[in-house]
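Asks: Chains as they are written, first to last, in our numbering: chain A, 15 to 341; chain B, 22 to 327; chain C, 15 to 390.
There may be inaccurate statements among the hints.
[Claimed, not checked] Cross-link-like lysine-lysine pairs, in silico, BS3-like; alpha carbons within 30 Å at most: (1) A:Lys110 - C:Lys294; (2) C:Lys137 - A:Lys110; (3) C:Lys97 - A:Lys110; (4) C:Lys319 - C:Lys294.
Rather than coming from a laboratory, the hints here were simulated on the basis of the structure.
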Amino acid sequence: MIGERVLSLGVLAALGGVALLAAVTDEPFTITLATRVAILALAAAGLNIALGLGGLVSFGHALFFGLGGYVMGILAFHAQTYAPLDLGLFEVAGTKSMPVIWLAAVTLSALVAVPVGLLALRTTGVYFIMITLAFAQMFYYFTISWSAYGGEDGLSIYVRNGFPGLNTLDPIQFFGLCFALLCAVLWLSARLARSPFGLALGAARQAPARAEAVGLDPMRLRLVAFVISGAIAGLAGALYADLNRFVSPAMFGWQLSGELIVLVILGGVARIIGPVVGAGLYVMLEHFLGQITDFWQIWLGLILLVIVLYARGGIVGLVSPRRTGHG
Amino acid sequence: MSLILVIEQILNGVQLGVMLFLMAAGLTLIFGVMGLINLAHGALYMVGAFAAAAVAGATGSFLLGLVAALAAAAAAGALIEVTVIRRLYAADHLDQVLATFALILVFSEGVRWVFGSFPLYLDIPAALSGPVTLPGGIEYPLYRLVLIGIGLAVGLGLWWLIERTRLGIRIRAGENDREMIAALGVDISRLYTLVFALGAALAGLAGALVGAIQSVQVGMGEPVLILAFVVIVIGGIGSIRGAFVGALLVGLTETLGGVFLPAFFGLFTDPSTATSIGASLASMAIYVLMGMVLVWRPTGLFGVRA
Amino acid sequence: MKKLLATAAALALGAGVASAEVKVGMITTLSGGGAGLGIDVRDGFMLAIEQSGRDDIEVVIEDDQRKPDIAVQLSDKMIQSEKVDVLTGIIWSNLAMAVIPGAVAQGKFYLSPNAGPSALAGKGCDKNYFNVAWQNDNLHEAAGAYANSAGYENSFILAPNYPAGQDALTGYKRFYDGKVAGEIYTQLGQTDYAAEIAQIRASGADSVFFFLPGGMGISFLKQYADSGVGLPVVGPAFSFDQGILQAVGPAALGVVNTSQWSKDLDNAANAAFVESFEAKYDRLPSLYASQGFDTANLLISALEKADPSDADAFREALRAADFDSVRGEFRFGPNHHPIQTIYARKVIKEGDVFTNEVIGTALEDHSDAYAAACKM
Numbered sequence: 015m016i017g018e019r020v021l022s023l024g025v026l027a028a029l030g031g032v033a034l035l036a037a038v039t040d041e042p043f044t045i046t047l048a049t050r051v052a053i054l055a056l057a058a059a060g061l062n063i064a065l066g067l068g069g070l071v072s073f074g075h076a077l078f079f080g081l082g083g084y085v086m087g088i089l090a091f092h093a094q095t096y097a098p099l100d101l102g103l104f105e106v107a108g109t110k111s112m113p114v115i116w117l118a119a120v121t122l123s124a125l126v127a128v129p130v131g132l133l134a135l136r137t138t139g140v141y142f143i144m145i146t147l148a149f150a151q152m153f154y155y156f157t158i159s160w161s162a163y164g165g166e167d168g169l170s171i172y173v174r175n176g177f178p179g180l181n182t183l184d185p186i187q188f189f190g191l192c193f194a195l196l197c198a199v200l201w202l203s204a205r206l207a208r209s210p211f212g213l214a215l216g217a218a219r220q221a222p223a224r225a226e227a228v229g230l231d232p233m234r235l236r237l238v239a240f241v242i243s244g245a246i247a248g249l250a251g252a253l254y255a256d257l258n259r260f261v262s263p264a265m266f267g268w269q270l271s272g273e274l275i276v277l278v279i280l281g282g283v284a285r286i287i288g289p290v291v292g293a294g295l296y297v298m299l300e301h302f303l304g305q306i307t308d309f310w311q312i313w314l315g316l317i318l319l320v321i322v323l324y325a326r327g328g329i330v331g332l333v334s335p336r337r338t339g340h341g
Numbered sequence: 022m023s024l025i026l027v028i029e030q031i032l033n034g035v036q037l038g039v040m041l042f043l044m045a046a047g048l049t050l051i052f053g054v055m056g057l058i059n060l061a062h063g064a065l066y067m068v069g070a071f072a073a074a075a076v077a078g079a080t081g082s083f084l085l086g087l088v089a090a091l092a093a094a095a096a097a098g099a100l101i102e103v104t105v106i107r108r109l110y111a112a113d114h115l116d117q118v119l120a121t122f123a124l125i126l127v128f129s130e131g132v133r134w135v136f137g138s139f140p141l142y143l144d145i146p147a148a149l150s151g152p153v154t155l156p157g158g159i160e161y162p163l164y165r166l167v168l169i170g171i172g173l174a175v176g177l178g179l180w181w182l183i184e185r186t187r188l189g190i191r192i193r194a195g196e197n198d199r200e201m202i203a204a205l206g207v208d209i210s211r212l213y214t215l216v217f218a219l220g221a222a223l224a225g226l227a228g229a230l231v232g233a234i235q236s237v238q239v240g241m242g243e244p245v246l247i248l249a250f251v252v253i254v255i256g257g258i259g260s261i262r263g264a265f266v267g268a269l270l271v272g273l274t275e276t277l278g279g280v281f282l283p284a285f286f287g288l289f290t291d292p293s294t295a296t297s298i299g300a301s302l303a304s305m306a307i308y309v310l311m312g313m314v315l316v317w318r319p320t321g322l323f324g325v326r327a
Numbered sequence: 015m016k017k018l019l020a021t022a023a024a025l026a027l028g029a030g031v032a033s034a035e036v037k038v039g040m041i042t043t044l045s046g047g048g049a050g051l052g053i054d055v056r057d058g059f060m061l062a063i064e065q066s067g068r069d070d071i072e073v074v075i076e077d078d079q080r081k082p083d084i085a086v087q088l089s090d091k092m093i094q095s096e097k098v099d100v101l102t103g104i105i106w107s108n109l110a111m112a113v114i115p116g117a118v119a120q121g122k123f124y125l126s127p128n129a130g131p132s133a134l135a136g137k138g139c140d141k142n143y144f145n146v147a148w149q150n151d152n153l154h155e156a157a158g159a160y161a162n163s164a165g166y167e168n169s170f171i172l173a174p175n176y177p178a179g180q181d182a183l184t185g186y187k188r189f190y191d192g193k194v195a196g197e198i199y200t201q202l203g204q205t206d207y208a209a210e211i212a213q214i215r216a217s218g219a220d221s222v223f224f225f226l227p228g229g230m231g232i233s234f235l236k237q238y239a240d241s242g243v244g245l246p247v248v249g250p251a252f253s254f255d256q257g258i259l260q261a262v263g264p265a266a267l268g269v270v271n272t273s274q275w276s277k278d279l280d281n282a283a284n285a286a287f288v289e290s291f292e293a294k295y296d297r298l299p300s301l302y303a304s305q306g307f308d309t310a311n312l313l314i315s316a317l318e319k320a321d322p323s324d325a326d327a328f329r330e331a332l333r334a335a336d337f338d339s340v341r342g343e344f345r346f347g348p349n350h351h352p353i354q355t356i357y358a359r360k361v362i363k364e365g366d367v368f369t370n371e372v373i374g375t376a377l378e379d380h381s382d383a384y385a386a387a388c389k390m
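Between the sequences and the hints, there should be enough to build the whole structure, so can you do that?
Replies: Here you go:
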């Protein structure tokens, strides 16, 4: 039994340590894998706010992930071609600056999350799962035939975007950026969970009627959680696009939404460090099993089954069980 | 566009809808009785198609292929119910999503392991191939008419099973109050295995029937799975009647959208652009439909509980 | 990957001391629905390496799962950790677009055994990128040319609604002189074509051109044959490939398709290839296998002359294309895409097996429409 705080710090230290060690021993691909873990964990941490704290099983978070990716792709594309982006009313110049792209990705994801949330939150349970999926699918099919930005071929950005004072082409420096953002978001999630908002959200999840009776507005709480959650997934999408220097409609695909859910459950729902553990395990399984056999997905499936059947509460739940029974 | 063409396209929409119904019925039944979200339903569809292709290929008999599809899918369903699914009834939807997602991986790659990476061959039986002429001079493939017939027959059969038989009474009781029927001495775990195998067999049947006019390949189940989910959500989860109406709605929207939207845009722009824009909107159409239905009725058309 | 190193080591055993001097990274699709194509490219490629008897070529193979993001990360791995000299293997255009620009920008050579997106043939061409298969439009252009020679005057054309599909219809129309009776973009991954077939029937067309790769083509052909529409069909080789033809069955019999390769092409290299492939893998080679085989032979021919570390000399050696292609004549155009003859083939049945036979030439010494825009 390990305390949750110790575990969290340990896991983060391990992730950072692996990347640093890889930098020292000149294993850039290991850094790339660690960066992938950090970014997927960031997206899953975003989802965990809706799913873990709010109890909102979104099967469409790829929507925000993809939006963030396309914000990066489109802005960088226009910077590359020196053609301003025509938004009808006004024109915007493209940019290769990460902070600007992040801001745009977060803002757009949040703006889209408001109407999507308003409509989706009218439903609950499986209906909520499916309506969130429906929104992501709409964007998926739209981008596939959006030939201005490559359609299904996607959009390549040949050089990674820049961050003031850093050389983002250096794998370890880019990892550092992603890692810092991940830590910031995890810290924010932890604060959020203990804040009055987080407690109210938890109450609305567990006993909506009672929450309403004491004057809380569950709908509004959930909407705010959904929007924050979407914004973080959007940020992760922008980073993921920068990791690959490429965006494509696959970022909106339902498989990706499914994978994000898998990461959260694998790590442990509503556990702060859960997404990092889940992403780390998933990427490691994918990487090492793939080296052993062409049919590695069978083994991945079996391992996931064992975890869901025998390790309820995910890996974090196994190592550091909750004393209280909620969640 | 001539009236005959419109009628033919409506028939096509109905046929697609009827096949979706076979998938959706099993999905909605399993959800209604056990409260389980089964993402692996598409994998059972694939198992049915592969079993049919393998047996029909070995024996030359399509009918034996169909029997094999039903048997293989039901057996696969019963197997995963007993080994995995049964432990998930008490779990929340999340664990069910993860476990059945894992089952998709196991089934897809397992089938590829057994049958190889290339698509298999399964054809329409000779007696049912080719078109027939309908009243009004419509030439329509006989096999598709048979599909419509089989789908409607299965729908009627399900209705009879649920409304008129002892098993149906138990199933309906199971939907309403699990403790009660357990108290009445019904072996609930056997009932659940049976219902799950029944749903799986329906999916396998759909896979085999559709496999004869499509490609029998790994991953064929997932697109159908998504469509089937759209169907049961529109219809209201747990409702067989809803699944039927939803399936027809989705089948018609998908087919007619693909035909009429490009034609509609053709009134304004050149043909190439119109077909491209029209096709994009058509592929989004069923999701727009689902969104509208849910905004209007958050538990679907015939849904009672969330 | 381990087993591939093992393969390389096994190859090396025959020749004595293993000393891997050239490292080739192959990123291809080995799992999921599209795995058949990647497996064929890999098998064709490895067959040529094995036949060359060279023990100094190490091939590192990874599965991209047909996901562009995975492909990019694998290419990073190949370049950064494996330190490969040459990359190859990608099947799909969207994955090629994700990987190739970055790889050649880092000074690596890329030899494409399958995808040839137009963006990389024109303005986006690169001196280190060689396409050993075709520019994406080629086979569709040949289909258009064939339609003229067959006397078709009113074609109904359809393809999926994505860039390669739009290129296909454009490519067909570029060479086809007749009228277009109807033009449809289907949904990517669509499996039911009843609505499209009804439109074909009502359109008054005299022929049908379609580009529907993979399972989409199987579905379309079976449903089309069953509909009794009966108009002649022409398409690119992708839907009539050896790997999927058995799954289409009698529905494909007699259909004309265009291809730069066929197993009955009459040249010594091809006869030896077909025989040795069948002997080693116990199945007939496919178009993709032939492209993998040619890609490896191109690579080997260049390695005979120069080392990849001398990039300029190696590039010249590649450009010379000094190898016996299984498709006969083969040379590179100014944009490093093939100039080759494209044949019309017809689907026939040999014993129990469906396969193709060449019935004529669709386009001779054909280049592509984008070469002029390429500035190297």
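Asks: Would you mind marking each hint as holding or not holding in the structure?
Replies: Hint-by-hint comparison with the structure:
| no. | hint | verdict |
| --- | --- | --- |
| 1 | A:Lys110 - C:Lys294 | 51 Å, violated |
| 2 | C:Lys137 - A:Lys110 | 22 Å, holds |
| 3 | C:Lys97 - A:Lys110 | 28 Å, holds |
| 4 | C:Lys319 - C:Lys294 | 29 Å, holds |
Checked against the numbered hints above, the structure violates only hint 1.
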